[in-house]
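**Q** Protein chains in written order, with the working numbering: chain A, 1 to 138; chain B, 1 to 179.
A portion of the hints provided could be inaccurate.
[Claimed, not checked] Only pairs whose alpha carbons sit at most 25 Å apart, straight line, appear in this in silico SDA-like list of lysine to any residue:
(1) K33(A) / A21(A)
(2) K33(A) / E17(A)
(3) K33(A) / S169(B)
(4) K33(A) / F68(B)
(5) K33(A) / E54(A)
(6) K33(A) / R165(B)
(7) K33(A) / G179(B)
(8) K33(A) / R57(A)
(9) K33(A) / C5(A)
(10) K33(A) / A47(A)
(11) K33(A) / L55(A)
(12) K33(A) / E6(A)
(13) K33(A) / E175(B)
(14) K33(A) / L11(A)
(15) K33(A) / W15(A)
(16) K33(A) / P56(A)
(17) K33(A) / R172(B)
(18) K33(A) / Q46(A)
Rather than coming from a laboratory, the hints here were simulated on the basis of the structure.
Here's the letter readout for the chains.
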Amino acid sequence: MKNECEHWEPLLHEWLEDWLAESEHAAVEAHLKACPACCAKVAGWQAVGRALRELPRVAAPARRSPHTAPEPRGALRLALALCLPTALLVVAFRTSFSPPLTPVSPDAVAQTIARPFTAPVQTLWNRLQEVISSWTAS
Amino acid sequence: MFDDAMLVERCLQGDTGAFDTLAARYRDRVFSLAFRMLGEASAAEDAMQEAFLRAYTRLPLYNPAQPFSTWLLCLTARVCLNARRDRATEQRHLERAAKAAPPPPTLEERLYEREQRRTLQRLLLRLPAPQRAAILLYYYEELPVAEVARALNAPEGTVKTWLYRGRESLRRWLEEELG
Ligand SMILES: [Zn+2]
Chain A
1 MKNECEHWEP
11 LLHEWLEDWL
21 AESEHAAVEA
31 HLKACPACCA
41 KVAGWQAVGR
51 ALRELPRVAA
61 PARRSPHTAP
71 EPRGALRLAL
81 ALCLPTALLV
91 VAFRTSFSPP
101 LTPVSPDAVA
111 QTIARPFTAP
121 VQTLWNRLQE
131 VISSWTAS
Chain B
1 MFDDAMLVER
11 CLQGDTGAFD
21 TLAARYRDRV
31 FSLAFRMLGE
41 ASAAEDAMQE
51 AFLRAYTRLP
61 LYNPAQPFST
71 WLLCLTARVC
81 LNARRDRATE
91 QRHLERAAKA
101 APPPPTLEER
111 LYEREQRRTL
121 QRLLLRLPAP
131 QRAAILLYYY
141 EELPVAEVAR
151 ALNAPEGTVK
161 TWLYRGRESL
171 RRWLEEELG
């Protein structure tokens, strides 16, 4: 019987996994009915399959997070941290020296701003006066 | 909650936060497969890092017809197989795994099932790497034979033979140890 069983063994495995063609089932099942040794083997494979499926998942250690590409949100944060103050400085600096985009009538400006100025605003005001004179000159 | 396909889509559009979500979702699963494959936590962690890095860089090659989980797990199995090609490292991991394997027999550890699992994990490491990969992808991750074959770059017939031989070896060894 032993040699015969060796012949059947791979087929028994295919039968267990349902990989066999329907036409081959009857022959395999006939051998199984007649052979307790092969039955025991198939039961063993079933147990192994079940044990493998039931192996518990292992939680990944928390120490190192999974590697992803360099964190763009982090990069963005850094860029903002470095660039935003610089940009604000540049804007603040440039606006104090560039002409306003819309021409303002000198009289309207003089009427609106009648209060005494703080030093920086005074500087800005003086600069504005110069700009306004340059418009009227040209 | 976004499904995997949506997250992949968002990631391909440049939203790397979406990849973080995917990675968080599959972390334990990827780690578990790597751990079952390599038998050692630090090697499994390295493999997990490598698998996520590869998944990230190769995401444009991913075919959405395949479930993302299948693709990621197959990729993980390949990373583990490649990791094993480094013979010296493999030897070191196997030694460490062997050392880690004998359970200190506390009362809890004597619980039959748990001991059986430990034994199974140890015996898995005795299988040739391709057999082990096939066994884990098919039985543990329950992927179809066709996917396993694709992942291991082997014909389906070969994978079926690996599954049969691997399972028979495990059955025989388990019977020797536990029977
Ligand atoms: Zn038989």
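**Q** Sort out which numbered hints this structure fails and list those numbers smallest first.
**A** Of the numbered hints given earlier, those the structure breaks are 4, 5, 8, 11 and 16, listed in rising order.
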